[in-house]
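Here's the letter readout for the chains.
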Amino acid sequence: MYVAVKGGEKAIDAARRLMDKRRRGAPELPEISLEQIREQLGLAVDRVMAEGSLYAPELAALAVKQAQGDLVEAIFLLRASRAAFPRFGYSLPVDTAAMRVERRISGTWKDLPGGQLLGPTFDYAHRLLDYRLARTQKPEKSVESAESAESAKSAESAEPEAGKPPSTPVPTHAGAAVPTHAAAVPTHAAAVPAHAPTASAAAHAPTSTTTASATPPPADEESLPDCPKAMSVLIEEGLLELEEDDGREPGDITRQPVDFPLDRPERLQNLARSDEGFALALAYSSQRGFGSVHPFVSELRQGAALVEFIPEELGFPVVLGEMEATECETVNQFKGGGETPPVFTRGYGLTFGRNERKALCMAIVDRALRAEELGEEIKGPAQNQEFVFSHSDNVEAAGFVSHIKLPHYVDFQAELSMLRQLRKAKQNDDRGDRI
Amino acid sequence: MTTEETGYNFAYLDEDSKRMIRRAILKAVALPGYQVPFAGREMPMPYGWGTGGIQVTASVIGPDDVLKVIDQGSDDTTNAVSIRSFFAKTAGVATTSRTAEASIIQTRHRIPERPLKSGQIMVYQVPIPEPLRWLEPSEAETRTLHALKEYGLMYVKLYEDISRHGTIASSYDYPVEVFGRHIMSPSPIPRFDNPKLDRSPALHLFGAGREKRIYAIPPYTPARSLDFEDYPFAPQSWSQVCALCGAADSYLDEVVMDDGGQRMFVCSDSDYCASRLEKGGRTQ
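Just so you know, the protein sequences line up as chains X and C, in that order. Heads up: the first sequence begins at 1 in the working numbering, then just goes up one per residue. Heads up: the second sequence begins at 1 in the working numbering, then just goes up one per residue.
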């Protein structure tokens, strides 16, 4: 009986082994590779990198595999590894304006320098289960894949066409579901389901009439047109609040103890690694009226940005590599009054990888959290920085919520005897009343 | 120092992180009962499962230490086994289940029955370090209340307990006033254990990993369980004795024996029970 409370190392080991067996699944099926996860479950990998606060696609893919697809668990794995890595220093600020964009849209301007670039997105797809994906596509040249390779080639040969003005200003969503490198590597395209290989090169073509005619057709990814920030137009006119570097060294929530109230850099760091579901719920609550942020998306861009670092011994920046990122900038209600003329205010979101939903939510919550600074009434949880900061991290939240699975015999016993004692006292009182 | 088996630093944490945590501990010892914020690290165990205690232990442990880990008073509960094997693996230190032999005792929810000695370090895993949290949810507010020694809220809560239930209805995590200054959460130990904190010869360190706070009761420091003159503090007591060793002075776990409501009461502190049995205490 008493033995039941003993866990024992053997039982723990057995539990671990069972979990590993479940991870492997049916042994007659081939084991999934990290490359497959990275290439074919890329959005899972991206989410794990963003919330795991570590840009490492291979490690994130490993975490997804090890966690058996439980992304919160995978995020935890990556975060715990990250904590044990040595820290060499901070990179230079990433210049997102110079990003090699793969997707860039603006909700405030019909057209703008750099154009609207739909890129890879679910946005324009009908959410119908694609039964063709249920069949495994063989990488070898079967009849079907030869066909799709053929159509990918034809798309490639049609590439110069893609740069010419399309018949309508907004192109079809063709190419949206195709990896962008499909055109460059036709054999790769063979592995892509056959439903979408049409005009995959269009994914990188400028999409509005004006810019398309103004720029030469892109021969490769390097020669995309310049894509300045959509915000810059408003800034020139003075319609947008200015955000300038005040020269203060930002805090680092992973290295320094936090103290409320937090500055915006710390809040943004927290939001960038916050749980996507939590950020989504907060952003939604704010849009519905618990905080009343209902912004315009000035710009949402996704692509690759350079990460530069100045090693102490060199004293000049070296490029460490490219990093995929998603950035969202929102334009919000005016501020001003009295002496200052009214201006639009801003919200900002930035995440690793392709994480559009998260970047958008982050920008909304960032703006909501500026309530105090902008003299707005705090009406909803999304505006309360202590509420947001303390509950947004899913590693913390999942750990604490799940800890109640641990034994609590001692405290429960304490409550039990307390309750018995209180009830006994009450019964005695009642008896006393009757006498 | 790297243990070859794991590839991690001695006791897992890197030396910079340990130094940062030791600085927080020194500050905590200098300000008994004050919650020192520290930049907690993610550990390879979930938050809420002892990461604060683990970071404190990792920062104070040395190769010559002897570690004991208990959860609910027992060395054999799953989480205690897990944490003990973590340090056995990453630090290669000796471990023990015997309270008397341990130089560091990491615990969740209990203080051993055997009186602690000078030189021993108790490390507590703390879920919610803020004793005022249930009364005031904002951290900014509660830190101000501590700074001003404004504890009226807490005394009103205790008073309301008495007016509603006739007694102070906190059975565990019962707040203490340390060194006449800070009100402190002793972590969710039963109030039975509270008197063991008062003027204890051991150093008591409290680590809250998720909330990123460290606090301490240095050796021989007064830690008074809050009460009123006419409603003095009283720890739990039992009419039963331990069914295994016959101890009448230990905290008892209630074990359900059958569907008919049969109960058995046994020591929560498994080392205490076992050592009494060894010495020829009552057996069944």
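These aren't lab readings, by the way, just hints derived from the structure by calculation. Heads up, some of the hints might be wrong.
Computed footprint of chain C on chain X, listed as stretches where at least three residues anywhere in the stretch have a Cβ under 8 Å from a Cβ of chain C [to be verified]:
id : region
1  : 39-49
2  : 80-86
3  : 246-256
4  : 398-410
5  : 417-424
We put the beta carbon where it would ideally sit given N, CA and C, even for glycine.
Tested hints:
1. 39-49: violated (count 0)
2. 80-86: holds (count 5)
3. 246-256: holds (count 3)
4. 398-410: holds (count 11)
5. 417-424: The restraint on the region 417-424 of chain X holds, since 4 of its residues have a Cβ under 8 Å from chain C and three suffice.
Checked against the numbered hints above, the structure violates only hint 1.
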